[in-house]
Every structure is written in C-alpha cells, then in structure tokens.
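Undergrad: Spelled out from the first residue to the last, the chains are:
Number of protein chains: 2
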Amino acid sequence: MARRTKDDAEKTRKAIIDAAEQVFFAQGVSRSSLEQVARAAKVTRGAVYWHFKNKAELCDAMLKRIFLPQEDMLEKLAAESESPLEDLRSASIHALEMIARDKRRRRVVTILYLRCEYMEEMLGIIRRRNASKARMLSLSEKLFARAKALGRLSPCWDPRRASQALQAMMIGIVVNGLEIGKKSVFTNGASCIEVFFNSLQVRC
Amino acid sequence: MARRTKDDAEKTRKAIIDAAEQVFFAQGVSRSSLEQVARAAKVTRGAVYWHFKNKAELCDAMLKRIFLPQEDMLEKLAAESESPLEDLRSASIHALEMIARDKRRRRVVTILYLRCEYMEEMLGIIRRRNASKARMLSLSEKLFARAKALGRLSPCWDPRRASQALQAMMIGIVVNGLEIGKKSVFTNGASCIEVFFNSLQVRC
DNA sequence: ACTTATACATTCACTGCTGTATGTATGTAA
DNA sequence: TTACATACATACAGCAGTGAATGTATAAGT
Numbered sequence: 338m339a340r341r342t343k344d345d346a347e348k349t350r351k352a353i354i355d356a357a358e359q360v361f362f363a364q365g366v367s368r369s370s371l372e373q374v375a376r377a378a379k380v381t382r383g384a385v386y387w388h389f390k391n392k393a394e395l396c397d398a399m400l401k402r403i404f405l406p407q408e409d410m411l412e413k414l415a416a417e418s419e420s421p422l423e424d425l426r427s428a429s430i431h432a433l434e435m436i437a438r439d440k441r442r443r444r445v446v447t448i449l450y451l452r453c454e455y456m457e458e459m460l461g462i463i464r465r466r467n468a469s470k471a472r473m474l475s476l477s478e479k480l481f482a483r484a485k486a487l488g489r490l491s492p493c494w495d496p497r498r499a500s501q502a503l504q505a506m507m508i509g510i511v512v513n514g515l516e517i518g519k520k521s522v523f524t525n526g527a528s529c530i531e532v533f534f535n536s537l538q539v540r541c
Numbered sequence: 338m339a340r341r342t343k344d345d346a347e348k349t350r351k352a353i354i355d356a357a358e359q360v361f362f363a364q365g366v367s368r369s370s371l372e373q374v375a376r377a378a379k380v381t382r383g384a385v386y387w388h389f390k391n392k393a394e395l396c397d398a399m400l401k402r403i404f405l406p407q408e409d410m411l412e413k414l415a416a417e418s419e420s421p422l423e424d425l426r427s428a429s430i431h432a433l434e435m436i437a438r439d440k441r442r443r444r445v446v447t448i449l450y451l452r453c454e455y456m457e458e459m460l461g462i463i464r465r466r467n468a469s470k471a472r473m474l475s476l477s478e479k480l481f482a483r484a485k486a487l488g489r490l491s492p493c494w495d496p497r498r499a500s501q502a503l504q505a506m507m508i509g510i511v512v513n514g515l516e517i518g519k520k521s522v523f524t525n526g527a528s529c530i531e532v533f534f535n536s537l538q539v540r541c
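Quick mapping for you: the protein sequence lines, in order, are chains A and B. Just so you know, the numbering used here puts 385 at position 48 of the first sequence, and the rest follows in order with no gaps. Just so you know, the numbering used here puts 454 at position 117 of the second sequence, and the rest follows in order with no gaps.
Warning: the hint list may mix true and false statements.
Note: identical chains are not told apart, hence a pair may lie in one copy or across any two.
Said to hold, decoys possible - Here are the simulated PhoX-like pairs of lysine-lysine, each with C-alpha atoms no more than 20 Å apart in a straight line: (1) Lys470 to Lys519; (2) Lys520 to Lys470; (3) Lys401 to Lys440; (4) Lys343 to Lys379; (5) Lys519 to Lys392; (6) Lys379 to Lys390; (7) Lys401 to Lys479; (8) Lys390 to Lys351; (9) Lys520 to Lys390; (10) Lys379 to Lys392.
Treat the hints as calculated values from the structure; they're not laboratory data.
Kindly produce the complete structure, drawing on both the sequences and the hints.
TA: Structure follows, in structure tokens:
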C-alpha cells in the first residue's frame, strides 16, 4: 500500500494506539515490541515509526487520549460551590463510575499503574499525574474548608485531613480495582465513598 | 577468585540482592540488565547466574525478604480481640510506620508497585499480594463486626463497608506515599487513619 | 499534467542482553 | 593426598529489538 488520505492516516494512527493499548495491557509495556504492536494494528513497524518517534512517544499519545481519575474530578468541581460536600461526593462517585464504565480508560490506567515502569521517559506523565493530584488535593481542601465554614463538616475532621483521606481512599479504590480487575470493586468503592461522606457530615 | 566458604557465598548472594534493589529501584526492573546488577554487587554475571536462574528468580528472592504492608497488619491482629477497633487502628498505624521507617521495605515495595510490570513471571508475587489482601479484608471485616456487636461501631458503617474503606485508605496512603516519595506522606496518612477511626467510633 | 510531500513498507546494520558452556581455583570429605 | 563439589569468572553464540535508510505508490497542490 502507499499513501492514504489524511483521514486514512488518522485512522491508522488511531489503530496503532488502539493496538498498543491491547498489547501493552496484555504483556506490559517493556515486554511488548513495536513489531507486535504493528502486527496487532495490521501495519508494519514502518507505519509505527512514521507516526511516533519511539515507544515512549506512543505511550504518551496513548495516555493523552484519556482522563485520569483526578482530572475527571477537577472537571466537575468549582471552588466556590455552595454545597461543597455534595459536590465532592458526586465528583468522586462520578470519577469511579467513569473508570468502571469505560473499558479503554480502565485499560490505560491499568497500564499506567501496573504494566509500566515509571522512569525518565515517563517524566511527562508523572508530572501530569502529580500536578492533577496536587491540584485536586488543594481544591478539595478548599471545599472542605468551605464546608467547615458552613458548619457542615464534622468536628472530627479538619479540611486538610479530610482532603488527604479522600484522596487516599480514591487512589486505593482505583488501584485495588485495577489489581483485582473486577468492576464490582469500583461499585463497592463508590458505596464506601458514600458512607464516608455521610460520616463526614455529622458531629462526633 | 575461586571458591569461597558457605558464609562467603551467602554474603555474595545478599550482596547481589542488595544490588538488585538499588539498580531496580533506580532504573526499573526491565531496563536493568543482570550485568548492571552484577557490577553493582562487585561480582560478574557468572555469580548472579550461579545464585539465581534468571532475573525473575532474583526478583522473587528480593521480594521474599520483606513483609508487605498487609502482612505486617496480619501479624499484629487476632480475630478474637476484645478491642477490635483499637487493634485495627494500631495495626494500621504500625504498618505505615514500618514502611515509613524501613528504607529497604520502601524501596522494594516501590519496585513492586512502580518499577516493575506484573506479568506471568510475577505470578507468585501477585498471588501472595492478593492472598494477604483477601485475608486482611476478611479479618478486618470480622473485627468490625465484633466492634458492631460490642456497640462500638458507628451506625453509619457496616462491617463490610468499613473494612473496604480501611483497605482502600491504606492502599491509597501507601501508593501515594511511594509515588510522592516522601516519608511525610506516611505520617500524614497515619493521622488520617487516626481521625478515620475516631469517626468510626461515634454514632451518626 | 507535473511535481512534491506524504504515508507507509521493506531492508539493514547495529547493539545489548540473555543463557550457556567452559575454565579455574579453592574448600571439603575420604 | 586425591577426588570431587562448589563458587565463581570468562568466553561465546544467538537473538530480539531498535532506529535509520531506502523504496514506493499515491494524494495534494499548482
């Protein structure tokens, strides 16, 4: 075959990334060769190297297609909410539902967490993750502080601890869900988050 | 050099595993060659292949030397406790302290979580992790049920949700701490666990 | 209609790593 | 003291994977 239209090229690019998702998920990133990815995408390594400089760049492209859980939450949240706890709760639940529902997202985040080794090549992704984690942490702290000001937060919890606890629970639910590999873990996790937020609202 | 005494051989073996920890941590497992490990241990690949069949077996040996966080907790817990919440709390805190304190454990668990790709070769380790996670989950559920029976558990929480929430928080704290790479995250996490257990004790 | 850039496929040279085979000096048991 | 096993070091073969170079057919621009 030879040159295709721009649309075709874009389809090829997509096919390569799709194939990379499958192969990386099945075998791990470093154990997968670009030859395997190419075969899965029904092209040759030539096409892969045309679209991507190397495996790291392909990885990058794959990760850029999805939202990380924290980014999901940030999308849904505004700092000046009038119902901060409710907003945080629904954003958390929503983020879990997103992963539970979207197979691609689950695959890619699984690759990110369990099927690749974070090294310098992955620096961009690490930064992105850390940045969204940090932003989410400070935003949720603000929202918990607002809840406290509104008298809605149990005196047990100060905003900082609450935001850290929420982040830990979310990360734990996601990682655990990916390790177990069953959607039910996310559902259970969502219930935990519900109860957690209930317990945040009452005095102790 | 030539043959050493058994003690010397054991020291060599230790040195190789120590070196593997350093190299794997610094570069990731699959990017590290056994040549690099050997150099770091000041031996040749010959020695490495004498003591270990291949990289996977070396990895296995490295992981067998440490306790996983869940195993730490299981060590400290008995199902027939008279103060189940207090026991769970202190076991959780203890597990976090163990990782915060022990550099080796932190390194190895970091390798396990962030510097290696779980594939078939790692099946033994995966099984071990899943087993201890499952045992820990069911044990903590029993303990929460006991707390409930003793009237110590807030009506917000049922034993199952509480045990899932605790497990999620613990995993999240550990993973987050390893990702951030600062001991303070574990300390903060311990505070979160404290507050979490406080909030478990009161009615809502 | 002609040219040029594009979107690949094919080929090749090079490298790094693995696993194994072989060498060797020493501990140890008889 | 011999004889063998042990604990390595050294040497070698082979492959798998990368990246670049080259080939090529077609789309797009003029």
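Undergrad: Now tell me if each hint is right for this structure.
TA: Cross-check of the supplied hints:
| no. | hint | verdict |
| --- | --- | --- |
| 1 | Lys470 to Lys519 | between (24 Å within a copy, 15 Å between copies) |
| 2 | Lys520 to Lys470 | between (23 Å within a copy, 17 Å between copies) |
| 3 | Lys401 to Lys440 | within (16 Å within a copy, 34 Å between copies) |
| 4 | Lys343 to Lys379 | within (18 Å within a copy, 55 Å between copies) |
| 5 | Lys519 to Lys392 | neither (29 Å within a copy, 30 Å between copies) |
| 6 | Lys379 to Lys390 | within (19 Å within a copy, 36 Å between copies) |
| 7 | Lys401 to Lys479 | neither (28 Å within a copy, 43 Å between copies) |
| 8 | Lys390 to Lys351 | within (15 Å within a copy, 40 Å between copies) |
| 9 | Lys520 to Lys390 | neither (35 Å within a copy, 37 Å between copies) |
| 10 | Lys379 to Lys392 | within (17 Å within a copy, 32 Å between copies) |
Violation of the numbered hints given earlier is confined to hints 5, 7 and 9; the remaining hints are satisfied by the structure.
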